[in-house]
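Since chain A is already given, all that's left is putting chains B, C, D, E, F, G and H on it; use the hints.
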Amino acid sequence: MTLALYNNLATYLVIGALLFGIGIYGIVTRRTLIGMLIAAELILAGSSINFMAFNRFTAPDPVTGQVFALFIMAVAAAEAAIGLSIIIAVYRQFKSIDTEDAVQLKG
Amino acid sequence: MNAPILLQPDETFILNVGPQHPATHGVLRVKMEMSGEYIVNAETVIGYIHRMHEKMGELKTYPQFLMNLSRMDYLGALGYSHCHVLVVEKASGIVVPERAEYIRAIMVELNRIASHLFWFGAFVMDLGGFSPLMYALQDREHILDMLEAVTGSRLTYCYFRFGGLYNDIDDDFIAAARRFIPRMRKSLKKYKALVTGNIIFRKRLEGIAPLTPEMCRKYGASSAVARGSGINFDVRRNEPYSVYPEFDFDIPVYHECDSLARYMVRMDEIEQSLRIVEQGLDKLPGGPIMPDKKPKIIKPPAGDYYQAVETARGSFGVRLVSDGGKNPYRLKLRSPTYSNMHLFDEACRGMMIMDALAFMGSLDLVIPEIDR
Amino acid sequence: MEHQFTAFLYQENILWIAAFTLGGLAFALGPIAIVYLFMPLKTRQINNKALQFIECGMDPIGDSWIRYGVVFYLYALIFLAFDVDVLFLFPVAVAYNDAMFASSIRDFIEIVLFIGILSLAIVYAWIKGVFKWERKKFLRR
Amino acid sequence: MRLTLINVVIAVVAAIAFAALNAAYLVWAERRGAARIQRRPGPNINGPFGLLQPPLDGIKLMAKQLTIPGGADKAMFIAAPILAMFPAIMSFVTIPFSDTIVAKNMNVGILMIFAFASMGGMSLVFAGWSSRNKYAMMSSVRAVSQAVAYEIPMLITTITVVMITGSMDLMEIVRQQSGSILHWNIFPVLGNSHNLLMPFSFLIFFTCTLAETNRAPFDLGEAESELVAGFHTEYGSMGFGLFFMGEYANIVVGSCLTTILFLGGWNCPFGLFPGVWWFILKLYLLIGTFIWIRWTFPRTTIYGLLNLSWKILIPLSLFNLLFTAGLLKVF
Amino acid sequence: MNPSTIASPALFSVDGLVGVVFLIMVAITLIGGLIACNSDRLVRSVAGLIVCFVGVAGIYYFLNSPFVAMMQILIYVGAVAVTISFAIMLAAPEEKKKIGITGPLAGPLGFGTAALLAGGFAVLALQTDWPVQAKINDGSVKQIGIQLLTDYSMVFELVSIVLLIAILGALVIARDGREGQ
Amino acid sequence: MGTEKIPSSVVQFALADRLINIGRANSFWPLTFGIACCAIEMMATGCARFDMSRFGAEVFRPSARQSDVMIVAGTITKKMMPGIKTLYDQMPEPKWVMALGNCAISGGPFAFEGQYSIILGADQFLPVDVYIPGCPPRPEALLQGIIELEHLVSDWKRWKNPEAA
Amino acid sequence: MVAYFTEIFNGLLSLFIGMGITFKEFFKPTVTVAYPYETLTMCARYRGHIELVPDEEGNPKCVVCGLCEKACPSDCISLAGEKPEGGKKKELTKYNLDFTRCSLCGSCVESCSFGAIDFSKEYNLASTRKEDFIFNLLQRLEEKKK
Amino acid sequence: MICDKTKQALQSLFPKATPEPAESSPAIPSSEAQEKKAKAPAPRQDGVVERDYAVHGYHLDAQVSPDQLLEAVSILDEAAFFIESITGVDWIKENQLEVVYDFSRYDFDTCRVVIRTRLDRNNPVVPTITGIYAGANWHERETHDFFGIKFEGHPHLIPLLLPEDADFHPLLKDFKA
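Protein chains in written order, with the working numbering: chain A, 5 to 111; chain B, 4 to 375; chain C, -2 to 138; chain D, 222 to 552; chain E, 16 to 196; chain F, 105 to 269; chain G, 37 to 182; chain H, 0 to 176.
Hints were generated in silico from the structure; no laboratory data involved. Take the hints with a grain of salt, since some may be wrong.
Here are the simulated EDC-like pairs of lysine to aspartate or glutamate, each with C-alpha atoms no more than 16 Å apart in a straight line [unchecked claim]:
| id | chain 1 | residue 1 | chain 2 | residue 2 |
| --- | --- | --- | --- | --- |
| 1 | H | K175 | B | E36 |
| 2 | B | K206 | G | E43 |
| 3 | B | K34 | C | D56 |
| 4 | B | K206 | C | E131 |
All of these numbers come straight from a predicted model, not from anything done at the bench.
Just chain A, with the same shape it has in the complex (with noise of 0.2 Å):
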């Protein structure tokens, strides 16, 4: 059974969430925004994953979600850029990327 998993839809939903759990977990614990901008991508890895997966298995057209994950991963370029200029904006300011020093600096 273990070896066969590969062509069972349910085994990459269940990957899917795992990496999903990570990532949030990796959001409430990590202390910096890079440490936090890193989870936030296995979060879209793994939501990435899903569409990935109906797309074999469920999807008429499985051209469908391929098309959705090239857009994700676009979409998570595009974040990274933004995401990054913006920290590197804070340490400009607080120089620091700690949340909690930004945050105390500003209140």
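Just chains B, C, D, E, F, G and H, lined up with the frame of chain A:
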């Protein structure tokens, strides 16, 4: 141009460049405070090859000190010896035979070419091109062979004596030198096509590291560093010594003030030195190479004497303070690279490290000559 | 027309890739393992500085894990978006010469639009002087 | 080819052997070639023509101490050279040497090679960072931004070729270049499958390959005159050896790709001997050019390099892409 | 599609080996993800991210789209990870402590939330009976290209616009501090 | 001196050692480290006329971690000595030291009474394997030094002395 | 715009010219003197370490005046001699040259008015022992005599 | 030409208008005069002297007191001189240290000027000229290394050529290694 925006540098770090660093041509150390790729501040630390030539000068007799000069600057050794013998001759009133002076000039100019060739190779190697170094050293080997045949050494010549020379040149040397001149001219053309015209090379040097004439003056820069900044200064012209007034040669001056200008000056100087050698060989008079009467022991009268010459690296000077004894009372060696290198700290501020090291290469450093 | 997609189509490919990955890893790990077998275990030292970071023979001043003002960061930002953009052109390029589009210029216009929008990023960066490298004037401290 | 264990093992071993031999003997060729350019013989006393020099160097490197500086990130310090080496070998999985000699042809072959190459690029960041050495750190930042800058024109030029061919399958690309020598993608012939600017595409692609593989004049990562030994400053022994071999393996991969995309792969104008030899011939001519260029030019500056990419290569290759797209519509 | 109905192939058959590879990929993905979220040093997090995404790319391959898999590597490993590591060198080479805003409870709390969410999704996924429809094309790269030029042309152009705006925004934000000084 | 001083490894057997030593002897990678005049002759040796590369020894590595031989080419000053020690430490085993030129052997002409700034020879603080005298030595002498070191390392008298010209 | 393309063109041209030059160099013969197999002849004035010059009978010409010792800037030379009983001239009993401190300046040879010392043509000294370069010149002369 | 101007400018530093010492008049270029001077080692008065270029290699020789130094150097700076070197001489018999400044010009109107100032050997302090000539920085540090002369106001007076912790001054005549 707008007024320069003064930047508060981001977090900086200190980078050691040297003493063991491929770009420093020896044991020079530059402590650079960097902000990313940019240099915020540089502090040159020298003295890693400080061997105290000046103290040796005080402890040794005049002839015994002769060998030190060539260890100071091992690339253009003869120019330095020339200065030393000139100042002692001037102080003790020894008259040098004309033939000896001509031979000295020829040898010094050949040595200057050798030095410039080595600099050319090392400079291009700093910029990452290896083959020009090999070609330049091949040409240099021809000069070294000629000089070795006369003086007996390859680098650290001990050839000039007070009043004349150690030994005379022969026909073989003259023939070899005559053969060498056209070959060198051909090589220069090759270098021009291979290196000078190269777009990558030019892009790396054009407009990089401008040195204003004012800055040169404040630091006392000489040689190509000054001449690349539009200063027409060459001791051979400004304070003619030896037989240089007899020769017809030009002082290349460039007004661009950048690294490329310094490069061009040196490359042009090779051609000018070739001209001097050519004329020297043509005009070479006969006669002795040592004066008829020469004091057995050199004891210049008390007083202080100064002599400057144009070596391959710039205006080299010897200040000799004599108390009339066998040893100099004080022998100050004014080395040109010392002043040229001093410029670096201020000039490289705000440059990128690549440009700064290319600039350092364009200064033509010989570290033992700075540290003495 | 029956299209196979639900079943896994690339069984051979994945095995080949896996085999080459394993081979590559073995080839890269092998020498390191051999080095650990044959290398001298001790280092003769004078100053006890064998494990110090190399800094041209001097003691390093300050840590190296510091904040580098990375001047290339802006390039990386442009690259990030640009790269993703360019990658989208791949499937389009594959399909571009297809007989399906032989008589229309719609695809050409779309590509022109796409590249045009893309180029604006470079134009903007160029105008804004991102590609300009100037000597900086730092405040003296 | 049927998928059997024997086949796979043979292919993997062949790829590794090819990569390793190339890495070793390209070093030899480089040293000999450089020597010839500089009018000296080069390593010539160990074996005939110095052919034993690479194994001797290899033996020496394997018996040399591998020091990990104290305070460095040990795991990543070891991982970085491995990451530099194995993607290059993975790339051989889909490179066709002839119409039969290919491990496994894949329909996204080009993308796969680029993907593996980009994995190799990250090894520089890790090497520089884990060494905890300032030179290494600066160098890795440089090398990565360089690799990153040149990936774009390279991709765009590849897209041009893909557009002409209509496939990302490497074998398909080569097949479309069969016929006379004029069908090679490098030649500017008007027609359905070619366009006028292809020679420039080739130049752009070649330049990018030089830059991607960190070769002179773009070897800023290892710029000796500034950054000591660059990102592998702290690596001795086989750590350094792997970086070195990885570099040469990448050169081979890059040259293979250039041959396939532009020089007609195994296609030959005359057909004197089997196609694979033509492929090898073209491959080594390209590599020879790499060596030739390295020993001719000085190094560029980092900003000159980035600007060359952003100001010249990318606009030109974008224009080229549009031009090709237009031509394909016209004809 | 009930998992229990699928017979497990022999280990040394093609199917079996592919299954092994799949398991490795899953392991890589999860381990990479954990490294990315748990390591003390941000650069290691990036390394974990890369490992994770290589694994994800492998999973995409198993989902019949090598193209998306390669895009995943090219975009995430080749571009996003590079940019993140630059940002790290620019802003925070070392992360001192990991536990964040809410103090010492954040770790367990985060874990709890994450486990809850992941578990919920997993149960949902396992218990639902997903409908299956016949495929209308082969989902190849060419098909993607054709659809990008026809059905999804809006997506295609939007990607370009989104990324353009991202670049412009990033440049404006990142350069802001520089021009002011 | 020399080979027996190299610390041992995990795996040792005679044949491998012999092979490894031959490998080592034919691929000396010197550290790019010039101090004074002799460094110029060292460069000249690397260049076309004399061509060190024939012995496989032209790979000048700028980083101490990648080099096998430290050629001390020039006068060692007291200011420089800690740096040289550090560089020596940082070179991984096996490593050798060549003292090129009189200054590196004994201080050379700069050893005089009242001298305060130089160390009288590299062997005061480094285990020197080969000495090459001269001021500066001719490039042939450096080649001869490499040959001597090859003999020392590989224990294989491969080269005969050339006829003195 | 024109300038942009001219620069590209000229740049490319300069690169090709450079490559042409290295290409030509590639086919030129090597200039290397393969040292252990072939050697350069040292020129007549080549300065190696000094050597005692024998007279016709193979004995040293030296008269132990000590001028060379005095002239030497680095104290390399130490010599001694004694008058044999009945002899007129001093005879050399010891002539040591510490070559490791010599700077090859030639002062000693120059100062000798008897032509008793001269430069040797040894140019490829290298050894694993430092002591090899502290020459006993008298002994060397005797070995040569044999 | 420029020499005369500079001489006048420098002479204005000495309001007393000290007469030129007779023994060093340029009319007597012979070395005998020098030997005479050596025999009579009377410390020289402050003032400007014109020297024979052919014998000494410089044109003007100005001895100033330490507090006049900055003024003298500014005069040279305004006349576009460049700095050649700074050095010291240890006159141990007179218990004095001399600091010698060499200046020259870039143009063809050659004029070499030597400015010297004598200091007490036990407390050698002299104002720095780095404010006027930035290039004097290293020269002064070097002189400090070798002679222990303190340059007041120097921004960074630590050993340059000697090791950083050096506390000896090797060119003093009573230095023993």
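Hint numbers contradicted by this structure: The structure breaks only hint 1.
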